[in-house]
Amino acid sequence: MRRLRAALLGIAGVVLLGVLWEAYKAFAPANGVVINGLTVLPRTSDAAMPHLSTMLQRALEPVTSAPGSSPLWIAVLQASAFTLAVAAVGWLVGVVVGLLIATIMQRFRTAESALLPWVVLSQTVPLIAIAPLVKRWGAFVHLGALDWQDWMSVALIASYLAFFPVSIGALRGFSSPEQAHLDLMRAYGAGWWRTYLRLRVPASVPYLVPALRLAAANAVIGTVVAEVSIGLSGGVGRMIIEFSQAGSSDPAKQWAPIFGAVVVGLIAAAVVVLIGVALSKYRRNEVST
Amino acid sequence: MSPVLEGQAAVDIAGVGKVFPVRRGAGVTALEAVSLRVAAGEFVSLIGPSGCGKSTLMRLIADLDTPSSGAVTVFGKTARQARLDQDYGIAFQQAGLLPWRTVRENIELPLQLHGVGRAARRARASELIELVGLGDFGDKHPEQLSGGMQQRVAIARSLAESPRLLLMDEPFGALDEMTRERMQTELTRLRAETGAAVVFVTHSIPEAVYLSDRVVVMSPRPGRIVQILDMGLGAGGERTDALREDAHFFERVRDVREALHGDTAVSSQGKEAR
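Going down the list, the sequences are from chains S and A.
The opening position of the first sequence corresponds to residue 1 in the working numbering, with each subsequent residue numbered one higher.
The opening position of the second sequence corresponds to residue 1001 in the working numbering, with each subsequent residue numbered one higher.
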């Protein structure tokens, strides 16, 4: 019953957002609200705020007027699938690296002192600044027959954003067992590895699931932004930019890939929810994070 | 009436001291010149006020801490070797069950850690679940159990590898009085069935008297043994609830109380005991 209620409330929220959009468009002045030459509320013209119905209608039409052009929504779906795949690779790499760093920090106290400041510092570097660097470095990488591809740069940047919450969350989780449990493992003569496997890893799950969720959101944002700054075509990030350049003549077009990006985010979040359900056995004493 | 000290002792503590280092100064002396021998199959309680080092002494036997001076021998081995050989089972005041494991899986934990096969683990866990009277609760999780039941699981877990020595640090300390007495009676039964030696830390006088062959009275600052009292109330299996109302029982309770509180008359005796 509570789940149904939550689902209905979620849908109501989306509908409300749509109603607000249309209501603002209907009642606010066409040139927006301007105070002292400063636009404090946006214009409501069709170019700035197309009707929801226009967006939907545009999505069903072909991408371009060229013959044989596929419908826009199919192109967006393909781009979304591409972005999702790159984000998934980035998320996976980020999670593995994050867990590895957390494990090293838990195992060696000195490593925690040495690594943790760098982990925190790494997130203060602006994404826009490192994207071109990653691409340029990638050009020098030749792994056997495999040449470095641009999508790998994008995935790498996504993983760079994803590893952070995982490493912090996992470190907290690995350090969460109480002394009594650690004493018990010692009494059983269990070494570091078996204590890690049987006690620290299961105990970390309640901390890990929210961290995985954050990592998924970060990976999607990182992928979309990195697609733009690296110039990788095929994903929704690049598509948003391309379509917005045609903004004045076809304003509803760019909204389709924006919704595509939202869908990618929702799918990523749903996957993490499924992971959380699969691990529910370890979340009996859930912590609120 | 106390068991004859023959053959190998379960625990031999010889002139043990423990100093916990502090940032400044000489450190806190938790134990000083403690000597104690626990015979195989003997039930010995450590009793004393907070800070007398009774839990520290038990942790030294378990090799959860190492002594600053003196030596702890368990079944003729170093405490460390005895820990690695799983010569003892242990239970704490907090049941310390893993919340993601069922009752059965919690009891199987030490067996699993030591590579016992799945079928053998299952059989042993079923046996122990019956032994501690948790028949229908094998597949429940710890948070579905009362405090007393959780503590039964912890005791079953400590018995999993049929140790000849049980170390228990106030295992009934967090339980209400009724549950506590029932658990005490069950512990005497378990002990009679397993024949294990027990080192039992408590600060309840009646509990120590009811359970023990000998009661070791300790005093704080620095922690040392004041007196060791023979209870002589019969073997574990013969102890029933009726004993709690027996005149001998009250006599022993009085003896232990006097040893704990008597500053003048007993302290001279205490020096002899040391």
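FYI, nobody ran anything at the bench for these hints, they're computed from the structure.
It is possible that part of the hints are untrue.
Said to hold, decoys possible - Covered stretches of chain S, going by a simulated chain A footprint (3 or more residues, C-beta under 8 Å): (1) 154-168; (2) 191-202.
What the hints assert, rightly or not - Over the 10 Å line for every Cβ pair with chain A, so calculated as not near, a few chain S residues: (3) E112; (4) L121; (5) W137.
Ideal Cβ placement from N, Cα and C applies to all residues, glycine included.
A quick look at each hint next to the structure:
no., hint, in the structure
1, 154-168, "violated (count 0)"
2, 191-202, "holds (count 4)"
3, E112, "21 Å, holds"
4, L121, "31 Å, holds"
5, W137, "43 Å, holds"
Hint 1 from the earlier list is the only one contradicted by this structure; the remaining hints agree with it.
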